[in-house]
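Once you have looked at the hints, place chains B and C on chain A.
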Amino acid sequence: MRDVSIIGIGQTPVGEHWEKSLKELAADAISSAIKDAQVERVDSLYVGNMCSGTLNGQEHLGALISDWVGLRGVEAVKIEAACGSGAAALRLGYIAVAGELADFVVVAGVEKMTDRPGEQVTAALAMASDGDFEAQNGLSFVALNALLMRRYMHEYGVRHGDFAPFAINAHKNAVSNPCALFPHAVTAEDFRTAKMIADPVNLLDSSPVCDGAAAVVLCPTALARSFNARPVRIRASSSATDSIALHDRRDLLGLEAAGLSATKAYSQAKVTPRDIDLFELHDAFTIMSVLSLEACGFAERGRGVRLGAEGDIALGGRIPITTMGGLKARGHPVGATGIYQVIEVALQLREQAGANQVRDARLGMAQNIGGSGATVVTTILEAVE
Amino acid sequence: MNVMKPHRDVGIVGYGAYVPRYRLPGSEISRMWDGQQGCMPPVKEKSVPGLDEDVATMCLEAARNALKRAAIDPLRIRAVWVGSESHPYAVKPTSTIVAEAIGAVPHTLAADWQFACKAGTEAMQAALGFVGSGMADYALALGMDTAQGRPRDALEYTAGAGGAAFLVGPAEESVAVLEGSTSYVTDTADFWRRQHEHYPAHAGRFTGEPGYFRHVLAAASEIMAALGRKPADYAHVIFHQPNTKFPRKAGRELGFKREQLEAGLLVNEIGNTYAGAAMIGLTSVLDVAQPGERVLMVSFGSGAGSDGFDLRVTDAIDTRRTYALSTLDYVARRHEIDYATYARHREKIRME
Amino acid sequence: MEIARHWRLQRHRYSLVGEMCNRCGEKIFPARDVCPQCNAPAKTPFTFSGKGEVYSYSTVHHPPEGFEHFAPYVVALVRLVEGPLVAAQLTDVEGEKIEIGMPVEMVTRKLRDDGSKGTIVYGYKFRPVIVSRTPLGAKDAAL
Chain A
569 MRDVSIIGIG QTPVGEHWEK SLKELAADAI SSAIKDAQVE RVDSLYVGNM
619 CSGTLNGQEH LGALISDWVG LRGVEAVKIE AACGSGAAAL RLGYIAVAGE
669 LADFVVVAGV EKMTDRPGEQ VTAALAMASD GDFEAQNGLS FVALNALLMR
719 RYMHEYGVRH GDFAPFAINA HKNAVSNPCA LFPHAVTAED FRTAKMIADP
769 VNLLDSSPVC DGAAAVVLCP TALARSFNAR PVRIRASSSA TDSIALHDRR
819 DLLGLEAAGL SATKAYSQAK VTPRDIDLFE LHDAFTIMSV LSLEACGFAE
869 RGRGVRLGAE GDIALGGRIP ITTMGGLKAR GHPVGATGIY QVIEVALQLR
919 EQAGANQVRD ARLGMAQNIG GSGATVVTTI LEAVE
Chain B
-1 MNVMKPHRDV GIVGYGAYVP RYRLPGSEIS RMWDGQQGCM PPVKEKSVPG
49 LDEDVATMCL EAARNALKRA AIDPLRIRAV WVGSESHPYA VKPTSTIVAE
99 AIGAVPHTLA ADWQFACKAG TEAMQAALGF VGSGMADYAL ALGMDTAQGR
149 PRDALEYTAG AGGAAFLVGP AEESVAVLEG STSYVTDTAD FWRRQHEHYP
199 AHAGRFTGEP GYFRHVLAAA SEIMAALGRK PADYAHVIFH QPNTKFPRKA
249 GRELGFKREQ LEAGLLVNEI GNTYAGAAMI GLTSVLDVAQ PGERVLMVSF
299 GSGAGSDGFD LRVTDAIDTR RTYALSTLDY VARRHEIDYA TYARHREKIR
349 ME
Chain C
523 MEIARHWRLQ RHRYSLVGEM CNRCGEKIFP ARDVCPQCNA PAKTPFTFSG
573 KGEVYSYSTV HHPPEGFEHF APYVVALVRL VEGPLVAAQL TDVEGEKIEI
623 GMPVEMVTRK LRDDGSKGTI VYGYKFRPVI VSRTPLGAKD AAL
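Chains as they are written, first to last, in the numbering used here: chain A, 569 to 953; chain B, -1 to 350; chain C, 523 to 665.
Just chain A, same shape as in the assembly:
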């Protein structure tokens, strides 16, 4: 198995791209990633996307986007794993290069959500859950997270306000990210008075509906140096699953797939959580941040929420998270998110994170979650010296 590195990154600003279609957004990100990598050959294109069928009336994204971006002829497919589609595509790109089936692979994530009215987007996102026994009973995706949050608050005696630091931290970090959807700070008071979506989850607990595309170029680490001065090596790539439905979980608040996927990644990279310098976690909702931190070994069960109050999650803290704004403030174009996360870790490791630079960042982790925790892909990245 070959060692794999990222040699190019490209991302569009996350936003409401009224002027751009799904394929145009994807092409923007792919073109800049290819330009960044300075490769002249691409063997395969993997596209992470969740909702193109329901929200854009378009499937078959592999062929559509490869042709549109000038890669007609290459192998190209869409990969879908709900909100985890981006990292799931990355994992397949990784497998292709590591397994010596391809040398130069482009992995893109793209989502175009603003073309449809809210209740259609809500219905599309609910497809990440158990269609027959969650979505068809009227449970929205937000509601599933609300059920987790309420139970967490109940079991550990936590108040809703205790989650505020996660939203505040994300927004603060988004201020200096030119690609962020919400580059503005929020306060604890904003959090307290935010509009309710599905109680206890309010607007500032939740990541926004938006458009965006991001892409990376992978190649064997052995070749990486000849293309890019600062390649970023994939030290670990792992994926795990849990029951799609909350009611079928063995441990509702355990986020078992996150734990499984992280444990496999730590083992592959031969590291422990202590070695991780920053963590781009899947903060689709504040409760997800907390459960991920616990499942991945950064906090004991029931204590993850305290990392917010204690400043551990800040840029200078013990485990900085959402360093460029996270899903909350950079935005969560669902199928693209996993790639945005990896790009942000790469920027940190390449020391290109500007005002948000985590000092001496050597090892970064990204974790992309599909559904309410049913698919979890963890990637550990390392700066190549």
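Mixed in with the good hints, there may be bad ones.
[Stated by the list, open to error] Capping the alpha-carbon separation at 16 Å, the derived lysine to aspartate or glutamate pairs in EDC-like fashion look like this: (1) LYS90(B) with ASP635(C); (2) LYS619(C) with ASP843(A); (3) LYS255(B) with ASP231(B); (4) LYS243(B) with GLU195(B); (5) LYS42(B) with GLU267(B); (6) LYS549(C) with GLU604(C); (7) LYS619(C) with GLU575(C); (8) LYS639(C) with ASP231(B); (9) LYS573(C) with GLU627(C).
[To be verified] Per label pair, the in silico range of CB-to-CB distance: (10) ARG818(A) with ILE620(C): 17 to 27 Å; (11) THR317(B) with PRO567(C): 26 to 36 Å; (12) GLY640(C) with SER744(A): 44 to 54 Å; (13) PRO685(A) with VAL89(B): 39 to 49 Å; (14) PRO229(B) with ASP635(C): 41 to 51 Å; (15) GLN836(A) with ARG348(B): 56 to 66 Å; (16) PRO685(A) with ILE620(C): 26 to 36 Å.
Read the hints as simulated data drawn from the structure, not as lab findings. Glycine is no exception: its CB is placed at the ideal position from the N, C-alpha and C atoms.
Below, chains B and C without anything else, positioned relative to chain A:
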């Protein structure tokens, strides 16, 4: 001889009621249409179905209550018959939904009955005959409605939601045995709803004497005459109850005392539940009746006709009635709503 | 319209029919044909009592398409007395204080319809247990 009785003795093996929890006070309707000085409403309040309720879901709960009391295997039920004027579908039976959900399928008959407020007792007559003939041991008859009253119409005050289920079976298993029944029907258009119309229309005061009273009084006096009974023989009497005035007047004219009507008179609290009205009155009576007591129930359906039933309560009533919620439990479960919420519940607000 | 899909599910939806494992006795809902505890094949139908308690809950203010008619509505995870968790709506709860641990019982209600021309989908929801307030009392028969 106008009384009907099958050769095989039959009766009510299980009974169950259902009333939705929402109540619209009559004062709220008069506030809406007559200002604060509105006249005295014909009933105190009426029941209103929840946003997720219809005749099928309401039948199901009543049927489940009847099954709890009957304690029989639902696979032995050979007919599920639902009488209503507010079936959820114009074409597609309510009864198959009920039969499937209670586990009575597939070896059962299933049909929806339609005869204004008499549809439920019509289904009861058929069930009594069906079991009485020996073709079946058990048949389920339901009367249930979520009747719509045209806004500002007199009937808006009373058009309520609710009804009852009766599991008919052999007399030896019954909580109330049938002594005889009668039916009195003519072609009298006092109230109707044309195909595709949302609200029913009525003939005003013509609904009184030529409609309600002619049929109810005839059915009641004929069955009493045929069985040799007088009003004092009955512990309880239930009449169809479109308001409080009509059944009380019918009782008076037939020689019943006001107390004989009390246990079965629910219209003041839940409104007129149409096909369910007389039947839910009977469930309320069975909740309190003593073994050996006689009960007379007379329904009325516009169009028009009345069914009369003469029943004798058995010893089984004392234990069997405790197996499910009483009718008054549902009546007491009450969440008051205002006219705006009512308008939403009854889809009087145009959403699309 | 997904007529066949809803038809396939109606047995489970109308009256909480799941399965039980003949090897370890585990009660399973929704049906999955394999015991989640011991992995033995489990295809014996089992009808749940419908009794349970609220394990977690939320109110949906922004409903998915098809559920707008009912919003805001309450959803919950309900722990059935037989063991499994079920995701469902709570109904008849306007004005009620909902709490984790609150006893609830299954009712069958309208889940949604496909517009005024489509079919109506019925299924389980849960409501606060009705406590008998009449002297008569109400006991569930052991069927």
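Taking the CB of ARG818(A) and the CB of ILE620(C), does the distance hold inside 17 to 27 Å? holds (26 Å)
Compare the distance between the alpha carbons of LYS619(C) and ASP843(A) with 16 Å, and conclude whether the hinted pair is satisfied. Violated. LYS619(C) to ASP843(A) sits at ~47 Å, over the 16 Å cutoff.
Do the beta carbons of PRO229(B) and ASP635(C) sit within 41 to 51 Å of each other? holds (48 Å)
Taking only the CA atoms, is the gap from LYS619(C) to GLU575(C) under or equal to 16 Å? holds (14 Å)
What's the verdict on LYS549(C) and GLU604(C), does the C-alpha distance respect the 16 Å limit or exceed it? holds (6 Å)
Assuming the hint says 44 to 54 Å, is it satisfied by the Cβ distance from GLY640(C) to SER744(A) or not? Hint holds: Cβ distance 50 Å, inside 44 to 54 Å.
Restraint check for LYS243(B) with GLU195(B), where alpha carbons must lie at most 16 Å apart: With Cα atoms ~28 Å apart, LYS243(B) and GLU195(B) exceed 16 Å; violated.
Check whether the Cα positions of LYS255(B) and ASP231(B) lie no farther apart than 16 Å. holds (12 Å)
When you take the CB atoms of PRO685(A) and VAL89(B), is the distance between them in 39 to 49 Å? violated (33 Å)
Would you mind confirming whether the straight-line C-alpha gap from LYS639(C) to ASP231(B) stays at or under 16 Å? violated (52 Å)
Cβ distance range 26 to 36 Å for THR317(B) and PRO567(C), holds or violated: holds (30 Å)
When you check the alpha-carbon spacing of LYS573(C) and GLU627(C), does it fall within 16 Å? Since the Cα atoms of LYS573(C) and GLU627(C) sit roughly 5 Å apart, the hinted pair holds (cutoff 16 Å).
In summary, the structure is inconsistent with hints 2, 4, 8 and 13 from the numbered list given earlier, while agreeing with the others.
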